[in-house]
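For this one, chain A is given, so just place chain B on it according to the hints.
Chains as they are written, first to last, in our numbering: chain A, -8 to 256; chain B, -8 to 256.
It is possible that part of the hints are untrue.
No farther apart than 20 Å at their CA atoms in a straight line, the calculated lysine-lysine pairs in the PhoX-like style are these [stated by the list, open to error]: (1) A:K95 - B:K208; (2) B:K97 - B:K69; (3) B:K164 - B:K186; (4) A:K97 - B:K97; (5) B:K(-7) - B:K45; (6) B:K69 - B:K37; (7) A:K17 - A:K48; (8) B:K97 - B:K17; (9) A:K69 - A:K95; (10) A:K208 - A:K250; (11) B:K95 - A:K250; (12) B:K(-7) - B:K48; (13) B:K69 - B:K45; (14) B:K250 - A:K95; (15) A:K208 - B:K97; (16) A:K37 - A:K17; (17) B:K97 - B:K(-7); (18) A:K208 - B:K48.
To be clear about the criterion: a stretch of chain A counts as covered by chain B if any three or more of its residues have a C-beta under 8 Å from a C-beta of chain B, and this derived list gives those stretches [claimed, not checked]: (19) 95 to 107; (20) 113 to 121; (21) 138 to 151; (22) 235 to 249.
Covered by chain B, per the in silico footprint, the following chain A stretches (three or more residues, Cβ under 8 Å) [what the hints assert, rightly or not]: (23) 8 to 16; (24) 83 to 91; (25) 124 to 133.
I should point out that these hints are in silico values taken from the structure, not numbers from a laboratory. The C-beta atom is built at its ideal place from N, Cα and C for all residues, glycine as well.
Protein chains: 2
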Amino acid sequence: MKELIFVGLGLNDEKGISLAGLEEIKTANHIFIELYTSLLPDFSLKNLENLSGKSIKTLSRHDLEEENGKLVLEAAEKGKAAFLVPGDPFIATTHVTLRIEAAKRKIPTRVVHGASIISAIIGLSGLHNYKFGKTVTIPFRENFSETPYNVIAQNRQLGLHTLCLLDLKEDEKRYLTINEALMMLQEVEDKKEQKVASNDAFAVGLARAGGTHPTLKAGFVGELLSFDFGAPPMTLIFPGQLHFMEAEALIALAGAPEKLRRMTT
Amino acid sequence: MKELIFVGLGLNDEKGISLAGLEEIKTANHIFIELYTSLLPDFSLKNLENLSGKSIKTLSRHDLEEENGKLVLEAAEKGKAAFLVPGDPFIATTHVTLRIEAAKRKIPTRVVHGASIISAIIGLSGLHNYKFGKTVTIPFRENFSETPYNVIAQNRQLGLHTLCLLDLKEDEKRYLTINEALMMLQEVEDKKEQKVASNDAFAVGLARAGGTHPTLKAGFVGELLSFDFGAPPMTLIFPGQLHFMEAEALIALAGAPEKLRRMTT
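Just chain A, same shape as in the assembly (with noise of 0.2 Å):
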């Protein structure tokens, strides 16, 4: 029967995907995984082959948006086939194309979800899922921009917080440090009236979310400039009005200073 399964890796490692994932795998005739979109910093291809007792082609980035993922979609016109992607598997826009372009061959498609980087950041964080405003990606230094700065303007202006992914190329092995990002925030900062990123401001930053042993800081940017945060994937956060549950989850869980509760609503 032909038909499309896309399934999400979730987070970390090969033990991310879930009990229903692990089954579409092993009845599935042909397996596809990527693995550039995101980086899985514990994974390893050959427990999950071992784990399902499949072989499992890996596709590229010129596999999947030059030719438009062709083997995947002329695999599941003979059977079933399964397609791997880290997180949750549309959070990645990329692969909305080969799901479109399922349905318009007829190709029957399913989603297993799996956790996504997204809803741990948010999590973890202890703050508010419905206080978060529009999300931005804070890009390399070679297409910086003012957007990203714009973003957590808006968003601050409005209350709200933003939740700043830090770029990644993870087939170059390149990944934006949360130092990085703050610099070059200040750098366009020098520009504009309203301050969000200087060392006086107050931000969270959180390194291998969804890892064994994620790395959360919250505190000023003057801090978090020097805070060693080890090893990446990164993303920070700038809170907008905190309410003082979202402060005591802060200086409970993300060693911020006590004074953040005078910063409340």
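For chain B alone, kept in the frame of chain A given last:
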């Protein structure tokens, strides 16, 4: 060793848990679960007990919110305790309190993430994650206010999508439907100048995200009002400015009308 592990159950049934999460249950001394903050339509506690070979104690809202999770904390002070939660553990903000209390008692905590309804809905819709503004919950009629309408309207003015979670009381088996939510929004709209939920506004409804057979339908509100979404849980998205790739996704995956292409940027 004293320790408290929060384990996400992911979506739909007992196979939504990750392999890592299942291992934590197998090695824990005391295992607790709550099933009232979200709906896992096909979940069987008995199956999870069989899969893990462990007995699991169900906690009520009273145990967690009035007794402050005393049972969990006391177990964690004596050995390894696992606390199982639908979805990704801290998207239901109520459990952040338990983690803070554990930290105050010097009980080490860890999180094994699960798939969350938040990323599942965004991914299934084919809409781009970074174009969502503030999320809002639409409450039952007895708690309804103008707030959800105002959030949708504010996001819309910024060109952003709004994810509307529909309220549920799992312990009372009450679930707000898309139809009821739209009706209440239209009642508020009668008093407003900006029109975001009228019959000719565009919206996306989603039922049973994370389940084996989710129902996704994009269309005009007038059409969604009479569409049969089947069983709960349900969600609504009010899109802001659509990128042409988002429109393509809604046409191919959610039965949106072809003329949506002319409403993109």
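message: Could you work out which of the previously given hints the structure breaks and list their numbers from low to high?
response: When the structure is compared with the hints, numbers 3, 4, 6, 8 and 18 turn out to be violated.
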